[in-house]
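On the provided structure of chain A, position chain B as indicated by the hints.
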Amino acid sequence: MKKLLNKLLVNNAFNSILSSLIPILMGLLVGFVVMYIFNPEGAWPGFLTMLQGGLTDQARGIGQVLYYTTTYILVGLSVGFSFQNGLFNIGVIGQFTIAAYVAIIIGAKVTNLPGSVHWLVAMLGAGVAGAIWAAFPGLLKAFFNVSEIITTIMMNYISIYLVNYLVYTTHYDKSIVASAYIEKTALMPKLGLDKIFPGSSINSGLFIAIFVAIVMYIILYKTTFGYSLRSCGLNRDASQYAGINEKRNIFLVMIIAGFIAGLAGGINYQSSITKVYKISETFINEPGYSIPVALLGHSHPLGIIFSSFFIAHITVGGSLSQGYGFPVETVGIITAVIIYFSAFSLVFKNMLIKYFTRRKYRGSGSMIDAASELELELGAGVTDPDVIADTSTKL
Amino acid sequence: MEDYILEMQNITKLFPGIIANDNINFNLKKGEIHALLGENGAGKSTLMNVLFGLYEPDGGKIYVRGNEEKINNPQDAERLGIGMVHQHFKLVEVFTALENIILGVETTNKGVLQMDKARKEVEALSQQYGLSVDLDLKIDDMQVGMQQRVEILKMLYRESDILVFDEPTAVLTPQEVDELMKIIEDLAAEGKSIIFISHKLKEIQRVGDRCTILRKGQRIATVDVADVTDEQLSEMMVGRKVMLQVEKSDPEIGDVCLKVDDLVVKAPGNSKYNKVHHVSLDVHKGEIVAVAGVENNGQSELVMAITGLLPATSGRIFINDKDITDWSIRDRNIELVSHIPADRQKHGLILDFDLSNNFILQTYFMDQYSKNGFLNYSNIRAHAEALIDRFDIRSAKGPDTIVRSMSGGNQQKAILAREMDRKHDLLIAVQPTRGLDVGAIEYIHEQLIKERDSGKAILLISLELDEVMNVSDRILVMFEGKIVANVKPDEVSERDLGLYMSGSKRGA
Numbered sequence: 001m002k003k004l005l006n007k008l009l010v011n012n013a014f015n016s017i018l019s020s021l022i023p024i025l026m027g028l029l030v031g032f033v034v035m036y037i038f039n040p041e042g043a044w045p046g047f048l049t050m051l052q053g054g055l056t057d058q059a060r061g062i063g064q065v066l067y068y069t070t071t072y073i074l075v076g077l078s079v080g081f082s083f084q085n086g087l088f089n090i091g092v093i094g095q096f097t098i099a100a101y102v103a104i105i106i107g108a109k110v111t112n113l114p115g116s117v118h119w120l121v122a123m124l125g126a127g128v129a130g131a132i133w134a135a136f137p138g139l140l141k142a143f144f145n146v147s148e149i150i151t152t153i154m155m156n157y158i159s160i161y162l163v164n165y166l167v168y169t170t171h172y173d174k175s176i177v178a179s180a181y182i183e184k185t186a187l188m189p190k191l192g193l194d195k196i197f198p199g200s201s202i203n204s205g206l207f208i209a210i211f212v213a214i215v216m217y218i219i220l221y222k223t224t225f226g227y228s229l230r231s232c233g234l235n236r237d238a239s240q241y242a243g244i245n246e247k248r249n250i251f252l253v254m255i256i257a258g259f260i261a262g263l264a265g266g267i268n269y270q271s272s273i274t275k276v277y278k279i280s281e282t283f284i285n286e287p288g289y290s291i292p293v294a295l296l297g298h299s300h301p302l303g304i305i306f307s308s309f310f311i312a313h314i315t316v317g318g319s320l321s322q323g324y325g326f327p328v329e330t331v332g333i334i335t336a337v338i339i340y341f342s343a344f345s346l347v348f349k350n351m352l353i354k355y356f357t358r359r360k361y362r363g364s365g366s367m368i369d370a371a372s373e374l375e376l377e378l379g380a381g382v383t384d385p386d387v388i389a390d391t392s393t394k395l
Numbered sequence: 001m002e003d004y005i006l007e008m009q010n011i012t013k014l015f016p017g018i019i020a021n022d023n024i025n026f027n028l029k030k031g032e033i034h035a036l037l038g039e040n041g042a043g044k045s046t047l048m049n050v051l052f053g054l055y056e057p058d059g060g061k062i063y064v065r066g067n068e069e070k071i072n073n074p075q076d077a078e079r080l081g082i083g084m085v086h087q088h089f090k091l092v093e094v095f096t097a098l099e100n101i102i103l104g105v106e107t108t109n110k111g112v113l114q115m116d117k118a119r120k121e122v123e124a125l126s127q128q129y130g131l132s133v134d135l136d137l138k139i140d141d142m143q144v145g146m147q148q149r150v151e152i153l154k155m156l157y158r159e160s161d162i163l164v165f166d167e168p169t170a171v172l173t174p175q176e177v178d179e180l181m182k183i184i185e186d187l188a189a190e191g192k193s194i195i196f197i198s199h200k201l202k203e204i205q206r207v208g209d210r211c212t213i214l215r216k217g218q219r220i221a222t223v224d225v226a227d228v229t230d231e232q233l234s235e236m237m238v239g240r241k242v243m244l245q246v247e248k249s250d251p252e253i254g255d256v257c258l259k260v261d262d263l264v265v266k267a268p269g270n271s272k273y274n275k276v277h278h279v280s281l282d283v284h285k286g287e288i289v290a291v292a293g294v295e296n297n298g299q300s301e302l303v304m305a306i307t308g309l310l311p312a313t314s315g316r317i318f319i320n321d322k323d324i325t326d327w328s329i330r331d332r333n334i335e336l337v338s339h340i341p342a343d344r345q346k347h348g349l350i351l352d353f354d355l356s357n358n359f360i361l362q363t364y365f366m367d368q369y370s371k372n373g374f375l376n377y378s379n380i381r382a383h384a385e386a387l388i389d390r391f392d393i394r395s396a397k398g399p400d401t402i403v404r405s406m407s408g409g410n411q412q413k414a415i416l417a418r419e420m421d422r423k424h425d426l427l428i429a430v431q432p433t434r435g436l437d438v439g440a441i442e443y444i445h446e447q448l449i450k451e452r453d454s455g456k457a458i459l460l461i462s463l464e465l466d467e468v469m470n471v472s473d474r475i476l477v478m479f480e481g482k483i484v485a486n487v488k489p490d491e492v493s494e495r496d497l498g499l500y501m502s503g504s505k506r507g508a
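So the sequence lines, in the order shown, correspond to chains A and B. Numbered continuously in my numbering, the first sequence closes out at residue 395. Numbered continuously in my numbering, the second sequence closes out at residue 508.
Since the hints were derived computationally from the structure, they do not count as laboratory data. Careful, some of the hints might be misleading.
[What the hints assert, rightly or not] In silico DSBU-like pairs for lysine-lysine, Cα to Cα no more than 30 angstroms straight-line:
id	chain 1	residue 1	chain 2	residue 2
1	A	K184	A	K247
2	A	K247	B	K371
3	B	K200	B	K248
4	B	K216	B	K371
5	B	K202	B	K90
6	A	K222	B	K216
7	B	K248	B	K266
8	B	K70	B	K90
9	B	K182	B	K138
10	A	K222	B	K397
11	B	K120	B	K110
12	B	K200	B	K29
13	A	K222	B	K346
14	A	K247	B	K423
15	A	K174	A	K109
16	A	K247	B	K272
17	B	K259	B	K120
18	B	K397	B	K423
19	B	K259	B	K346
20	B	K272	B	K346
21	B	K138	B	K259
22	B	K482	B	K272
23	A	K222	B	K482
24	A	K190	A	K247
25	B	K200	B	K241
26	B	K266	A	K247
27	B	K322	A	K247
28	B	K505	B	K138
29	B	K200	A	K247
30	B	K30	B	K70
The following block holds chain A by itself, in its conformation from the complex (with noise of 0.2 angstroms):
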């Protein structure tokens, strides 16, 4: 048992999703805490709901979960993908603003297209219009060194209020505070998922999402392109001084987590002919989510599909908790402390490893055997006490 454990420590994807689950784990724990101080008698069976996710709701919540899916696991790519190269996109909710817009707009007046297309110019159209608003901070940072935290968070105020204005003068139904509805033919096809699904906004968007998800992960660990990204993201004085362009990437990056977000927001309004833009001061809820994803999944695409449907799962399951007298923001407070704590899985991992070391040092005669032996099982496990030194004062 102790030896399948230690196999299993070397095992780096096992590690990646041991110091995923152990912060979910925690963070639902302390979530069950907030919600007995809410509501000591409703929180066992609330707790227990949101658990069980979109199950409770039989096919309607099965389909609602991945259709949030579908749109978080666009939202984290975004993020992710950036963050592989070193970029903190936190611009994605005015990609995610603007992508939406135009997917309206093109849905709504664009009407001479042949309705078998019109879906795909909207959502495409939506993509390039995330990718544009992306490219401004991709200018700035690799041009200008300007830091695209702050300018991908002022593109997000600029969004909003922009995109208020606009579905005000060009696209608005007063009667229900919104935009106007856009045509059936610029809806996303629903391959008959909503048979499968009835009642739900499950739709092909799902399909395109993990494809996506595919098609990154192969560009970032398959390809020359890809490579480069990495090693960026991972070292970027060593990457210069390799000859890599920088600057080039940093701009491509950003466009394509901006056309990323872009899509997102696009298939995200083109779910369901009632999805609607409600002009309001506050920023759109799910793109939100697109950091704690990312950081969930590590940044990989794979991860992060996974990461997805959790966070889609966990708050479909909260909002169907309500029913036991807790309000949705329950689940807020639950993803908020998740992600508290998935900063600290790299302690997480130490700790365990560290817990292995000593016991197998008391348990053998030798200390320099157990540790040779350790150290070859660990393989790659850092040996040098300086790097050791350094990577617990960075945590």
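Positioned in the frame of chain A, the structure of chain B alone reads:
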């Protein structure tokens, strides 16, 4: 027993996957200079970090003046009279010497600084130990040697009587080293007890009374320095016999490879200051040219201009008669220049990549490693395996080893392997042996000479005089951005080189 002012008994410190200190015993007599010798990663720093309370030991006891003490942080150590002169000084650069010395232990009257009393005390100390320091000069405006004396005064002002010197000579010119050695001897004569960490055998022979040798976390021996030879010390340190002298034949000098003509380079950033002033030099094929000099005299800017990391303000750079002044870094990389950078972890490697990915850092897009934009992993892997084999790089998982987990020496070997394997005519090696142990240094010097003998031009930047004298065929000395000497190693003494390096002598 009561002679010992400091005893560290059975100190054990574990890190995940390694035992950094394994039952180490270390005793310091009052008034002695006790050298601590060991390769990188032997456990010297760990032992000192335990002494200063930065690491909590997993086992063992520390006695100071006969009392068992638990040291939890550097403040505890300071209270016990233990002080350290760090390799990289811990000084506030915009403060004066005096301000730095009293920082943290200021005498105040109702919250107002009482500088006069402190000044008198510091002046008395500096006279007693012959530490000449201009107390009103800002650290920024000082030579390194004086900065170090400020550090020493700082310890003395805190009434430390156990003084730890962590590789104190690494940043000094030979003349400054002489001065420091004398200061250390004086301090010991005045009753201070000194731990002298070094891997330079010459210095240990010169000032050390006893020497403790560490290897792979274990104490190998504690010896009286007078009883052992350099060869014996290095053998105990490395665990095998090593060649202290590099063997090489006379160079077969070919055509000019690198030619730098009237080059001016500004400091990185938007600096107005020229770091390289109208430098002209050339390096021929089959020749190792060393640039000697004290750190920060323009050597790194010179290298950055040749490799394309910094633009030349004026002047031209030619390689094989091609004007490359305006070429991109990549064009220089793939055609002509290999470069072993000074900071291997910052510039030379991507620590979180594995070995095979690090081997293709400059060449990943070339036909050998990619096709239509997709990486060719089987070729990349085969290439990595070949290099690991050829350069004897020790790694736990071969091409899949994450570079961060490798020792400094093997990291450096990996860079060496990559740079020597790539197509190039000029190899620029910046402090290629910095921080490496004797065995690795020996290996790297051999490789450089092999490279020279195969007809490459080599520009070696080094702060180590031994290295400069041993390896090079010609020496240029750089001082304040200018080349102040151009000499052959057998026509110049170390003393003269030191004078050139400190700017007090100028040659051709």
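### 30 angstroms Cα cutoff - pair K482 (chain B), K272 (chain B)
17 angstroms, holds
### Message
Holds or violated: K138 (chain B) and K259 (chain B), Cα atoms, limit 30 angstroms.
### Response
Answer violated: K138 (chain B) to K259 (chain B) is near 39 angstroms, above 30 angstroms.
### Message
With the threshold set at 30 angstroms, check whether the alpha-carbon distance from K322 (chain B) to K247 (chain A) stays at or below it.
### Response
Cα-Cα ~27 angstroms, so holds.
### Message
For K182 (chain B) and K138 (chain B), compute the direct alpha-carbon distance and say whether it is at most 30 angstroms.
### Response
Cα-Cα ~25 angstroms, so holds.
### Message
Please verify whether K505 (chain B) and K138 (chain B) have alpha carbons no more than 30 angstroms apart.
### Response
Holds, at about 26 angstroms.
### Message
Would the hint linking K200 (chain B) and K248 (chain B) be met if the CA-CA limit is 30 angstroms?
### Response
Distance of about 22 angstroms is within 30 angstroms: holds.
### Message
Need the status of pair K200 (chain B), K29 (chain B): alpha-carbon distance at most 30 angstroms?
### Response
OK: K200 (chain B) and K29 (chain B) at ~22 angstroms, within 30 angstroms.
### Query
Holds or violated: K397 (chain B) with K423 (chain B), Cα cutoff 30 angstroms?
Since the Cα atoms of K397 (chain B) and K423 (chain B) sit roughly 27 angstroms apart, the hinted pair holds (cutoff 30 angstroms).
### Message
Does K90 (chain B) sit within 30 angstroms of K70 (chain B), going by the straight-line distance between their CA atoms?
### Response
Given pair K70 (chain B), K90 (chain B) holds - Cα atoms ~25 angstroms apart, limit 30 angstroms.
### Hinted pair K266 (chain B) and K247 (chain A), Cα distance within 30 angstroms
Satisfied, since the Cα-Cα distance of roughly 22 angstroms is no more than 30 angstroms.
### Query
Between K222 (chain A) and K216 (chain B), is the straight-line Cα distance small enough, at 30 angstroms or below?
39 angstroms, violated
### Query
Straight-line Cα separation of K30 (chain B) and K70 (chain B) no greater than 30 angstroms?
Within the cut-off at roughly 20 angstroms; holds.
Violated hints for the displayed structure, listed by number in ascending order: 1, 4, 6, 7, 17, 21, 23, 24, 29.
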